[in-house]
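Q: For reference, the chains in residue letters:
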Amino acid sequence: MTLNEWLPLIIVASSLVPGLVIFFLAEHQVTARTVLNLFGATLKLLLVLVVYYGILRGNEYEFRYDIGVDLEFSLRVDLLSLLFAILSSILWLVTTLYAISYLEGSPNRRRFFGFFSICVTASTGIALSGNIVTFFIFYEFLTLATYPLVVHRGTEAALQAGRTYLWYTIGGGTVLFVGVVWLFVLGGSMEFDRTGALAGLAGEHSGQLKILFWVLIGGLGVKAALVPLHGWLPIAMVAPAPVSALLHAVAVVKAGAFGILRVVYDVYGIELAEELGLLTGLAVIASVTIIYGSMRALAQDDLKRRLAYSTVSQLSYIALGTATLGVTGSIGALVHLVHQGVMKITLFFCAGNLAETLGLHKVSELNGVGRRMPLTMAAFTVAAFGMIGLPPIAGFVSKWYLGLGALEAGRPWIVAVLLTSSMLNAAYFLPIVHAAWFREPDGEWTVKRRARYLETSWMLLAPAIATAVLSLAIGLFAATQWSPLEMARQIAEAWYADR
Amino acid sequence: MTWALTIGLPLLLAFVVPVARLRPGWYGAVLGAAALPALYAGMAGAAPAQMSWLLLESSFGLDGTRRVLLSFTALLWGIAGVYAGAYLAHDRSRGPFAFFFLLTMAGNLALVAAEDVPGFYTGFVLMTFASYGLVIHNRSHEALRAGRIYLVMAILGELFLLAGIYLVVAAADSLLLVDMGAALAEMPLRNPALLLLLAGFGVKAGAVPLYFWLPLAHPVAPTPASAVLSGAMIKAGLLGWIHFSPAGSAPLPGWSGVLIALGLIAAFGAVVIGLFQTDPKTNLAYSSISQMGLMTVLFGIGLAATEARDTTAPALALYAWNHGLAKGALFLGVGVALAADRAKGWVLAGLALPALTIAGAPFTGGAFTKYGLKEAVAFTPGAWSDPILWLLPLSALGTSLLLGRFLLLTWKKMGSEAGHGSFRGLATSWLVLLGIVAIGVPWARGHFGLETPVPSASPEQLFDSAWPVAVAAGLLFWAARILKGKQSLPTVPPGDFLLPIERLVSAVRDIWRHRGLPDLRQGAINFVPIVDRILALEGTWRIVDRVERRLGSWNVVGFLFALIALGFILILG
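First to last, the protein sequences are chains A and B.
Residue numbering for the first sequence follows numbering that gives the first Met the number 0, starting at 0 and increasing by one per position.
Residue numbering for the second sequence follows numbering that gives the first Met the number 0, starting at 0 and increasing by one per position.
Be careful, since some hints might not be right.
Far from chain A, some chain B residues (derived; all Cβ distances over 12 Å) [as the list claims (entries may be wrong)]: (1) LEU38; (2) ALA88; (3) TRP345; (4) LEU347; (5) GLY448; (6) ILE510; (7) ARG548; (8) ARG549.
Calculated cross-link-like contacts (lysine to any residue; reagent style SDA-like; alpha-carbon spacing at most 25 Å) [unchecked claim]: (9) LYS209(A) / ALA564(B); (10) LYS373(B) / ALA249(B); (11) LYS361(A) / ALA523(B); (12) LYS209(A) / LEU569(B); (13) LYS361(A) / ARG508(B).
Derived from the structure by calculation, the hints contain no laboratory data.
Beta carbons: idealized from backbone N, C-alpha and C, even for Gly.
Work out the full structure: start from the sequences and follow the hints.
A: As structure tokens, this is what we get:
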């Protein structure tokens, strides 16, 4: 086997191995653990970028291992897997940095960082999966790896949240399992490169294919937090801030959204899905989720809960774009996969900073906090404006393509959904921004954590600022060659190339 | 380079000035200098530039109308910036003011210079949201209320706008603003798109019926900010209309009629309501609505026939120039008047100049622009033109009355805030602006090559433009005699029919809260407790037990096995 065949496996291992080693380190070996974590994260990012460079030059990267009975474990790199892999590598690196500082001095850090790495391994595996069976393995792996992170604090609320999380995700996993087996029976292990592998079966089995689609979406919809399967997400936000950040940006929820992308474009093929009349249903579910999530977010006073409902809403933009026939809509879905991640992780970092530095958890406590923590709130403001969809921040570019895509597909009502959502986003984000910058503080701040020069520890501040700058940059320079938009464009154009 | 500086310099300064701990004396120079590249670009007519790395491939450049717009916008921003330096000499939060002022400036300049839709929209959004910081600068109860209403209306406008933009861009298959008109003319959803765009930009332009935030927000901002809000930024709405109108591609007599009617309602309605205001700045805000009404009429005429645009476009540009600078001078003049501890008569005389200009008195710039409007009326469809020709002088009478009342209100408050700001500092930049207002219109007409008709100095035409001003002066004098000593003149709250709207909103909110409609804070969806409840039932386990026992018997298992085998055969077959 050549290096090109091993590379996908090495990328997955680059976080798995450090994770496993960390379990064998002692709790107090902080330096060793930190070095391992950062080494793994940096290595993964570099490898992913090397592979990206290779793909652009026409190389192929594929690892295959025969499990037996026609089952094959396959890791293959295409542009879509890279889009997700690059996102998760970058965000893993910044979140690791953040988590090291966030959890400083708290117990059970060995367990935390061990499972944290394994969690990233799972999401990278999901990104690189070459067929639906491999995808399913990593998908379930992710469920189990995340549970210890959700219950990390060990409080009554955390354990309760963990239980809810498991019920939902294992329930969803079971349904997905049924779907995957069914698919396997119909069409084999469903390699993701044969676009529309099911197309040949359409005439004979169209009824089955329709039911199967909803079974798959039902399974994936739990992690993708489609209403009414989203209930676990706002509850799971009891987890420590870095976990919520990763959960809401790349790991769990994106696994669901990414799965929906794979099912629609690589398993069914967009034309078949349209032919079977599946896209309208998906678009309706996504729209309901978008509006419902925003309405609920509006009513939350707990900052992280508000952000969690906002995730429910924003995530469904991806499903909505997926369900929009046409290159423009697909670009919108793909690019939002990245944009939502970068913006949402910024918001969670900021929420974490507020909680960790000043002990603030509620929206109603944020009056005047902009003067005390200007850099944090500046990052928050950028990301929140991006979520509303204001230019020149990333969210604007997503909405631009989603809106135009909806019209291209002849579904103007989607534009109405998008704009209603923008309005609701403004209604739940702007009061926070207003209170932070323009209101007088209610009293003295109770400072939990002090830093000598900055408003809080630089390791908490730097990740938030970095991702906020990134949110701005990928919007402002969307037209350049290296932007997520350009990558999304290439992927989408390849999907529609045969038309 | 010119374009990068035009937008980049104010942007850069916005982030530098608040943290640079400048000495108070430097603020005016810095805020004023930020507009210089834009002023140069407009006056010299900078060549277009492509920035393919920016946003979705932005480009900047100018056409005839936008060159005029950019020039007076930059001029007003620059002078207001210098003025702000003196105005805020004792204001401790001048850092935040500078931040929002410069950001808003950058947005305003960018939207005028942009040649592509995303760039234009970005500038528009930046201007809209940054100016919120200007509106609520002094944090008073009125300012916060005005800010809230401003923001709600701005966001609504933004949504209409974006919906309209999506529709047109999807139809045009292009991102360049020049392609939008033609696309609008041909697209199947033309009317909904036009409605959305007219409404979206109409919020900013203070058009009827979306104007009511304006008399609250414009006056409550610090005076230099009021000047740019009412002089420059209000024109962004107009520019949006111009960009997204099919004028020149297809005649739209229906829309033309609607706009002319709405414009006339604004022109007269705002005068009536404005007369009942007691604050000079609010009075000016209503005058802006009224003047924007006349510009709406002119814009509406441009839609009536394809060839009309060649006449209305330069007339509109000149009208905007005159109103922008004169209205700016009036707002800045209010600040000068309040600070005046001497030379009060001269200040009043100075204020009279832009007032007369806006009213279109003879030998002022306004006489040129009103004449341009009058000549354009020829293009209106049949029955419209005669009534409009009748109404135009009446509107000039209304404007004269309104601004006459403004002068009286200002005279009463003259010197009431003396000692707060530096009178000399304020007056210097104001005098420069007055000078430009005095000679600017004929100069601009020549410099920018605007082919608008020139009023002759014949007695007839002099009379035409003089009588409304004279009659208004007489009426005001008479009214002042009659009302002398009577203090209880009726007033209309600023924002007029906003009050019923606010009541309606709070009534709806009450109904939602108290009449059992879903409370969004309660009732999250969570299936786990339901599952728990099912598992906790005794019956559940009894059923499980029973099933378990049945499965122990061979014939049940054998039957199930046969069933599964059959199912597989069916699926695989």
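Q: List, from low to high, the hint numbers that the structure doesn't satisfy.
A: none
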